[in-house]
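So the sequences go chain by chain: A and B.
Basically the numbering used here = 1-based index in the first sequence + 7.
Basically the numbering used here = 1-based index in the second sequence + 96.
If a hint is listed, it holds; no wrong ones were tucked in.
With a cut-off of at most 20 angstroms between alpha-carbon atoms, the simulated EDC-like pairs for lysine to aspartate or glutamate come out as follows:
1. A:Lys94 / A:Asp82
2. A:Lys13 / B:Glu210
3. A:Lys14 / B:Asp217
4. A:Lys136 / A:Asp212
5. A:Lys136 / B:Asp370
6. B:Lys239 / B:Glu335
7. A:Lys136 / B:Glu366
8. A:Lys13 / B:Asp217
9. A:Lys14 / A:Asp314
10. A:Lys14 / B:Glu210
Partial list, derived from the structure: chain B residues whose beta carbon lies under 10 angstroms from chain A:
11. Asp217
12. Leu310
13. Gly314
Since the hints were derived computationally from the structure, they do not count as laboratory data.
Source: prediction; values computed, not measured.
For glycine and all other residues, C-beta sits at the position ideal for the given N, C-alpha and C.
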Amino acid sequence: MKFVLKKIAGLIIALLIVSILAFLAFEVIPGDPARSILGTEATESKVQALREEMGLNRPLPQRYGQWVKDFVTGDMGTSYSYQVPVKEMIGDKLPVTAAMTVMAFLFILLFSIPVSLLSVRYANKFVDKLFLILNQITMSIPPFFIGIIFTVLFGLIFKLFTPGGYVSYTESVGGFLGYLVLPSIAIALPKAAMTTKMLRNSLLDEMHKDYMRTAMSRGNSPWRMLVRHAFRNGILPVITFLGMAIADVIANSIVIEQVFGIPGLGRTLISSISKRDYPVVEAVIVLIAVIILVINVIVDLLYRKLDKRIEI
Amino acid sequence: MNVEKQRIKKRKMGKTGYNFTFGLVLTVIMIGLIVLGFFWTPYDTEAMQGSIKLNAPSLAHIFGTDQFGRDVFSRVLAGAGSTFLVAAGTILIGGGIGIIVGSVTGYFGGWLDETLMRINDAVAAFPSVLLALVIITVWGTGKYKVMLALGVAFIPSFARIVRGEFMRCREADYVTSAKLIGVSTPRILFVHILPNILPALLSALTIGFNNAVLAEAGMSYLGIGVQPPDASLGRMLSESQTYLAGGPWCAVFPGLFLVLIVLGAGMLGEGILDRFGGGRS
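Just chain A, same shape as in the assembly (with noise of 0.2 angstroms):
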């Protein structure tokens, strides 16, 4: 229990250092809202009106704490561009990225556990010497070079899918999903292969412990020895990574989201950099680290559920 408390207020200064740095991020962009939203044109006193209707003239704590108040409560400014709110402009856009990250999780570990369990068991073999060249050429490949290759083969060539024929999710979910598939698997193959990479030599490690020449004498055969006994073990240190990872699962979801033309918060975000639309941006950027905290400290405790040893 105290190392859950620990855990949250860790968390909580983690949330507290992340907003005040993005907030201050935005503050220091020369330049006035008010003025860019009125445009050149208007009077000194029509923008002066705007700033005290805005909060603008207020000292910047109570400006910081006015905004973190206005975050939680899931106001999130108004989009500079669109000159709709930014909760309206995302809230659409969340579960196309949720459902792409997942997925892409989910492939991650489809592809890692067989794998490195096929390794180990045929530790030094043919399949495990393939399988160690494959995976480090499959690591240097950014995922979005993926997309492209995937674009060409299952698009232009098979003809699996029609590049671009994104399906919402409000008209079919198995459509939706189905056109996931594809970019999930470009963004989760490099991170696959890393997680191979590690989980093979955690699992080798273990193999050679002793519990597992005990495990041997019982009588266990050569699979059960490494999937219920090693692998248990061997999966532990691979977590800490998986939740790392997943902050890159995410960035990676931007750029494949222009590959493919998904319209999720990658795409949002990238047309409001270039469009220098700062309250969305600081809202999506704030939002994805809010995620990815959250989601590691979910990991830690986790971690901590699995591994009973560190509880002693």
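Starting from the structure of chain A, add chain B where the hints point.
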């Protein structure tokens, strides 16, 4: 089991050789090509020729030509050049500041260490590309701004690794002896300890270099990185997407170049750790 154990150990040791050698050879070739590209390219990178639009690879244009009839090989060399410059600049900035912050906090510890590491943790939870995006939003795009943005975004990861290494070394006997004979603190930090953490540092720098290459390519692909007239592999990939059906080579070769750069540096970094040993076992 014992035999198995030895075999596993041997297996783990055995791969050191080819990682280091292969990585070094590939990196030297790629850097050689990039340096060559700074001085000479087979064709002018901007020369457009309407008659040879989207020509497949041939002896005259080994990587083919793009939608404007420009030579893809020349453009790949130039693009790899700016990617390389941005990545090198990034690890110079990020690594330089990261080493200073990490060495001071790791060696002295105390409240300064605590405070800086708290901030570091919060910033590190952020994907560095996102952090770079924030900085780009505030500062604007362009080659040198991307370099600065990525450099700043990479400071936390370097600082953390260097800090860990300095914490490990600060109690070492050679540091105590150096202190006893009155060696100044900066000298202890950078002349005595720094060479001892070189393997871990070099490996971190190669990983950082790779991340910078990938980040720059990703950002340029999104159109918020290196801007024309500067060539960039990421931008080439994004432009090629419209012509995938007619000229897949416009996408394949810049991508392949990117993969080879990252592959070489990645294997080199691992080889350094395997061969010279780092803080990790």
